[in-house]
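Engineer: Chain residues, written in single-letter form:
Number of protein chains: 2
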Amino acid sequence: MRTRPLKVALLGCGVVGSEVARIMTTHAADLTARIGAPVELAGVAVRRPNRVREGVPAELVTTDATALVKRGDIDVVVEVIGGIEPARTLITTAFEHGASVVSANKALVAQDGAALHAAAQERGADLYYEAAVAGAIPLVRPLRESLAGDTVNRVLGIVNGTTNFILDRMDTSGAGYSEALDEATALGYAEADPTADVEGFDAAAKAAILAGIAFHTRVTLDDVHREGITEVTAADIASAKRMGCTVKLLAICERAADGRSVTARVHPAMIPLSHPLASVREAYNAVFVEAEAAGRLMFYGPGAGGSPTASAVLGDLVAACRNKLAGTTGPGESAYTRLPVSPMGDVITRYHISLDVADKPGVLAQVATVFAEHGVSIDTVRQQGKDGEASLVVVTHRASDAALTATVEALRRLDTVRDVASIMRVEGE
Amino acid sequence: MRTRPLKVALLGCGVVGSEVARIMTTHAADLTARIGAPVELAGVAVRRPNRVREGVPAELVTTDATALVKRGDIDVVVEVIGGIEPARTLITTAFEHGASVVSANKALVAQDGAALHAAAQERGADLYYEAAVAGAIPLVRPLRESLAGDTVNRVLGIVNGTTNFILDRMDTSGAGYSEALDEATALGYAEADPTADVEGFDAAAKAAILAGIAFHTRVTLDDVHREGITEVTAADIASAKRMGCTVKLLAICERAADGRSVTARVHPAMIPLSHPLASVREAYNAVFVEAEAAGRLMFYGPGAGGSPTASAVLGDLVAACRNKLAGTTGPGESAYTRLPVSPMGDVITRYHISLDVADKPGVLAQVATVFAEHGVSIDTVRQQGKDGEASLVVVTHRASDAALTATVEALRRLDTVRDVASIMRVEGE
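Just so you know, the sequences run in chain order A and B.
Quick note: the first sequence, position 144, residue 144 per the working numbering, numbers continuous.
Quick note: the second sequence, position 325, residue 325 per the working numbering, numbers continuous.
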């Protein structure tokens, strides 16, 4: 066994970084045995050097991340800063100086994954980012390696713990969105500025990464249709319950039926209570993968948090170190299919639509005509009347999102339709 | 990209083998792109050459498997024969002639994994066997690679589809074991000779493989405590229901609390309906992995069948081919912890015991005394009397299996205990 240690530079020492440093110290013997050589924390770049970091030797701490990655003796850079810059420049600089990179940075990989992979390949380095998607749940490696001989047709999952916590609370307690968000914030499940989570940006970045790997093509954050959960109401959740469903924020990546394009989207959707994703509670994540030969696989676990994310980072660190020792690299980007990403309008889905309508004869016929004119077939209609007003709840059969959107627009123009109270897609059947 | 194809020899062309051959043909372009070179089926060894195999060119078929693996130009041997011999000799010969091996052979890996890994390492070859455990569900690779930086404490799962189908039928229809087995046989879920499945040998082999990888030690089939499902009665299932539980055949691999030993066992057990494994229906498999940093992960999917198993084989084939091209090998055996495997008596578990007792005063006190004398604490007792006889159902707190077994032996010796009607462990809490 080699005795000269592999040197690791850690960029960022927050919740994840400090846990990575801690495990590298407490489990040094295990890591040595599994890698085939000792691994040493050679430097830790932070923004605020004075914050006490338990277990991280003070002499390793620096505020000059650039100098750290330029040292030239670093074998693997672990980037847990997050955000686009300075992470992107630091990672690129690390490759230029001969290091492999393990990153937990979903935003950066979703935006610039192709360029980063190219930079890694040019320098014969590895770029790993299991921690960028669903914390400790192995997804990137199973999709890239275990299913490398299969054809993935669909990835459907709950990949954001904050929004799942909020929707779960709304479902179990009947609370409204704001109330549930407040609870999530108080319990530490939501950040002070929850935008990235509740507006679906975080889930959309993960969807882009998963779609690219699953379909062997390039999908970036901009390709992902994104709707958050801020408009989900207690009434929507109640409607879902009446249908035997619950509401989840889903990331859905699909290959078109003809195999010639893919779609990627993040939006709240109703799913039947019988679907395994319906029982994913609190801040847990779960992802279904449907492949031609493998069938339906599900991966479930904690999607965030310092320890789970550190577990994923360390798995990648072991792989990157092993490859360094063997003088090789793991599988890089696979984007040979060059499948285009279709717009949301091409997605085939179902709508659950609640309408406030005038309570008079002929309204249902009028509404049904609008659906028929757009080629949208109706699955069920439920009508409730009270005091001259009535509500119609329509669930459609599968149709293109464009046709469904056009139907809703046409419904809004009907005199007898006073309001389109809510629209939600129905998935998971 | 290299244009000389990598050559693959297929040993066995039954349900799995013919599906591997089919996908290699229909998805040749994808495999070429993912591997970085074309991959070619160079020979198919079978026992019965005259059986028609759709999609397998007749000129590739041979009955001389030994000559095929000795050809010297084979890059990867795919072994889907099963059983110990001739599979073991063929695999060893394949390594000697420079090939890497992908195997779906759980019995062989569970018995001789260490020797096979050593043979592979000696020749600089790969030995992969994702398909040996839980079909298409990625488990070997996530445990070996994704969790390489973590400490796994427990693996708990349903890893045999046949027995899960039978127990599921008994649970939903109230059928007895024989009736449910007949249905499984008629539907193709059980083989004509179901011994390997219903006696737990298949699950025990998988438990040995999972325990070895999870705990970085050597665990063979003989180390696994094994009980099948043939003695599970409709009454046991009914008892489980009364407790809010269901009965599953579980494979459980655990690291002892002090970290100094491990255990591996397969037996039927009651698990609460609230546990995610309780809702694993029909022939599906699901495995929980509990790791220090990652927390609780679950992997779910079809655990058997030609296509799912072929998916796992092909994922390994892609990895083995990539390594061949790069002149490297993937991670081999990791058994550095050398943790001993403790006997079943050391396992900490809970018992659900049904006793037929004399319906007279003092019996409960007598029974309770026996538990106390063995240091086994009682959680609940349910007593039902009829016609001078009574039944006592006792659920214990956690205790060593040795103490629980000794308690049951002592109960049998009590005059007032007419019969120990059933004993089942309670897990998953």
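Among these hints, one or two may not hold up.
So these bits of chain A aren't anywhere near chain B, every CB distance computed over 12 Å [to be verified]:
hint	residue
1	30
2	33
3	48
4	130
5	144
6	151
7	175
8	178
9	185
10	192
11	261
12	342
13	349
14	366
15	378
If you anchor each label on the Cβ, the simulated ranges turn out as follows [said to hold, decoys possible]:
hint	chain 1	residue 1	chain 2	residue 2	range
16	A	274	B	233	26 to 36 Å
17	A	182	B	191	49 to 59 Å
18	B	188	A	96	52 to 62 Å
19	A	241	B	281	40 to 50 Å
20	B	188	A	282	54 to 64 Å
21	A	241	B	326	37 to 47 Å
22	A	282	B	338	35 to 45 Å
Keeping only pairs whose Cα atoms sit at most 30 Å apart, straight-line, the calculated BS3-like set for lysine-lysine is [to be verified]:
hint	chain 1	residue 1	chain 2	residue 2
23	A	70	A	7
24	A	241	B	241
25	A	7	B	241
Calculated from the structure, these hints are not laboratory results.
Yeah, the Cβ is synthetic: ideal placement off N, Cα and C, and Gly gets one too.
Engineer: Next, verify each hint and record whether it holds.
Structural biologist: Now the hints, each set against the structure:
no., hint, verdict
1, 30, "7 Å, violated"
2, 33, "4 Å, violated"
3, 48, "25 Å, holds"
4, 130, "6 Å, violated"
5, 144, "9 Å, violated"
6, 151, "7 Å, violated"
7, 175, "23 Å, holds"
8, 178, "29 Å, holds"
9, 185, "22 Å, holds"
10, 192, "25 Å, holds"
11, 261, "17 Å, holds"
12, 342, "21 Å, holds"
13, 349, "24 Å, holds"
14, 366, "44 Å, holds"
15, 378, "32 Å, holds"
16, 274(A) to 233(B): 26 to 36 Å, "29 Å, holds"
17, 182(A) to 191(B): 49 to 59 Å, "57 Å, holds"
18, 188(B) to 96(A): 52 to 62 Å, "58 Å, holds"
19, 241(A) to 281(B): 40 to 50 Å, "24 Å, violated"
20, 188(B) to 282(A): 54 to 64 Å, "39 Å, violated"
21, 241(A) to 326(B): 37 to 47 Å, "54 Å, violated"
22, 282(A) to 338(B): 35 to 45 Å, "39 Å, holds"
23, 70(A) to 7(A), "13 Å, holds"
24, 241(A) to 241(B), "27 Å, holds"
25, 7(A) to 241(B), "55 Å, violated"
Violated hints for the displayed structure, listed by number in ascending order: 1, 2, 4, 5, 6, 19, 20, 21 and 25.
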